[in-house]
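Going down the list, the protein sequences come from chains W and H.
If you count the first sequence from 1, you need to add 34 to reach our numbering.
If you count the second sequence from 1, you need to add 69 to reach our numbering.
Please note that a few of the clues may not be correct.
[Claimed, not checked] Only some residues are given here: those of chain W computed to face chain H with a beta carbon under 8 angstroms:
1) Ser109
2) Met128
3) Thr132
Treat the hints as calculated values from the structure; they're not laboratory data.
Quick reminder that beta carbons are idealized off the backbone N, C-alpha and C, glycines included.
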Amino acid sequence: MNQATQARTTAGAHAKLVLEDVGKVFQLRKGEQIEAIKDVSFSMKENEVCVILGPSGCGKSTVLRMVAGLDDPTSGRLLLDGREIGGPGSDRGMVFQTYTSFDWQTVQTNVEYGMRLNGVPKKERREKAAHYIELVGLSRFADAYPKQLSGGMKQRVAIARTLANDPELVLMDEPFGALDAQTRWHMQELMMSIVESTRTSVLMVTHDIEEAIFLADRIEFMSRHPGSILEEIVPAFKKGKRVTRKEQLLDLDGFGDLERHVMKLMREQGGDEATPAERA
Amino acid sequence: MSRHAESPTARAGTRRRWLEFLRPISTTQAFVLGISVWVIFFAAWEFVTLRGMVNPLLVPRAQDVILALYDLLANRGFAVDIGVSILRILGSFLAACLIAIPLGVLMGSFRAVEAFANPFVSAWRYLPAPAFIPILLAWFGTGEEPKIALLFLGVIWFLITLIMDHTRNIRDELLETAMTLGASRAQILWTVVVPAVLPNILVSMRQMLAIAWTYLVIAEIIAATNGIGAVMWRARRFLDTDEILAGILVIGVLGLLFDLLFRWLHHVLFPYLSRTGQ
């Protein structure tokens with residue numbers, strides 16, 4: 035709670051996104067209620083990669099959905115650039131865990147989709163889409179339909195489509211969760227290089243500890259029942275620099291200590307529902 | 070079976086069996102088997118009629134049915150009856166689609182529209198359409214209207230329900246993706262919901278068109294002077310069983326042709342649904 039309060043008070047003019055005492059209560063039938071999220075407060079800066087990490091069922095996806103405007107908080111406030119979030123909008127593009135490319139459009143038109151909605155002229159649309167398609171390494175597949183692509187490629191389409199729409203903030207809900215280990219690894223590195231080159235602000239949800247440490251400039255670790263920020267972790271061992279290759283992490287002093295610390299948190303918070311394998 | 074060696078699952082020393090779980094068959098095999106069932110059917114037909122096992126007045130020989138069909142087409146204007154029946158089907162089915170598609174999509178998209186319309190649609194779905202024939206005759210007389218109305222009532226409620234279900238089954242994430250890219254409600258409806266559900270609408274149409282043929286025959290038997298069903302009903306009076314069976318044959322063939330047409334349309338309109346994109 036201490037850290038959370040601190041985050042709120044330091045949320046000054048530089049804060050991109052601010053969450054203030056955000057809570058979410060789900061109404062069940064027969065008047066029962068479940069408090070999924072309680073007093074979640076944190077803020078993130080421009081160009082920052084912020085990762086919400088926590089055990090399954092801690093409500094981290096709910097937090098992300100509220101930032102996207104897809105769910106409403108039952109208490110507290112969410113501010114983007116100082117303005118309260120009141121619903122979904124093109125300033126907060128979201129990449130989902132499940133594949134969301136539109137089957138009836140090619141890779142090119144999928145990536146152009148958001149720009150077409152927002153009235154970007156055809157020529158600019160086409161060029162910009164081509165740029166982002168190249169960025170995610172799909173130029174050869176620009177005219178292919180999603181059904182012809184692998185899972186990792188579909189997720190790259192989703193990332194390109196979100197970035198091409200120039201959002202203020204990119205939201206990612208376990209975007210690599212459905213991918214096999216090797217593809218996930220590639221995608222994390224790709225993600226890192228894209229974030230470096232585009233200076234995009236990213237808020238991402240994951241339960242993959244290594245992914246969180248690799249990508250994050252700041253980790254918000256959530257506890258369960260009800261979900262709230264347990265600890266704010268800045269991976270200081272990176273010394274403010276981003277790592278673009280995963281094996282470089284291993285060479286850095288402090289990586290092991292941080293991973294151990296986060297694993298301990300995860301085990302404590304995993305609770306009775308977690309299997310031994312999940313906790314390991 | 071010379072294809073034995075090609076089969077990846079057939080190992081040396083393993084006997085190739087006719088029936089095997091999960092094992093695909095070649096297109097040639099499928100074709101031969103598909104023809105065989107008809108050969109067996111007609112052979113059995115010929116066998117029982119030639120051996121005099123059935124009354125020839127009630128069960129004519131297969132070739133008599135074909136001859137009767139030729140006679141109907143060549144000398145008695147049966148082609149016009151077929152045309153009339155097809156027009157009735159298409160007219161009423163088109164009318165049903167014009168209402169069912171937009172209504173079903175809106176009901177599947179918006180809970181409020183569903184809450185408003187579904188109690189009504191569900192109630193009608195449980196009423197057997199032929200039960201309305203007496204009142205339809207009273208209202209519309211014996212012209213085209215009661216037949217069109219019966220066909221319309223027979224398919225529209227199911228069509229609405231099918232399309233509503235397909236629309237509701239569009240994954241939430243597709244709509245939410247559009248929302249986070251800045252789409253308005255109208256944009257989501259036209260650029261996500263409609264293209265996402267369109268292939269399934271065509272499938273629903275294909276299924277309901279088959280049902281429409283059932284109601285067509287009922288309508289034409291009860292109140293029509295022309296059309297395939299009317300010709301069959303007239304033939305019954307003179308115990309022309311070969312003509313009745315010829316009518317059934319024509320309906321079967323037409324049903325098959327429409328089904329193939331819809332399959333072809335699905336293939337042509339939605340090439341992106343196949344992995345090759347062709």
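Right, here's what the structure says about each hint:
A hinted interface residue such as W:Ser109 counts as satisfied when its beta carbon comes closer than 8 angstroms to some beta carbon of chain H; here the least separation is about 23 angstroms, so the hint is violated. Taking 8 angstroms as the C-beta cut-off, the interface hint given for W:Met128 holds, the closest approach to chain H being about 4 angstroms. Interface hint status for W:Thr132: upheld, as the beta-carbon distance to the closest one in chain H is roughly 5 angstroms, under 8 angstroms.
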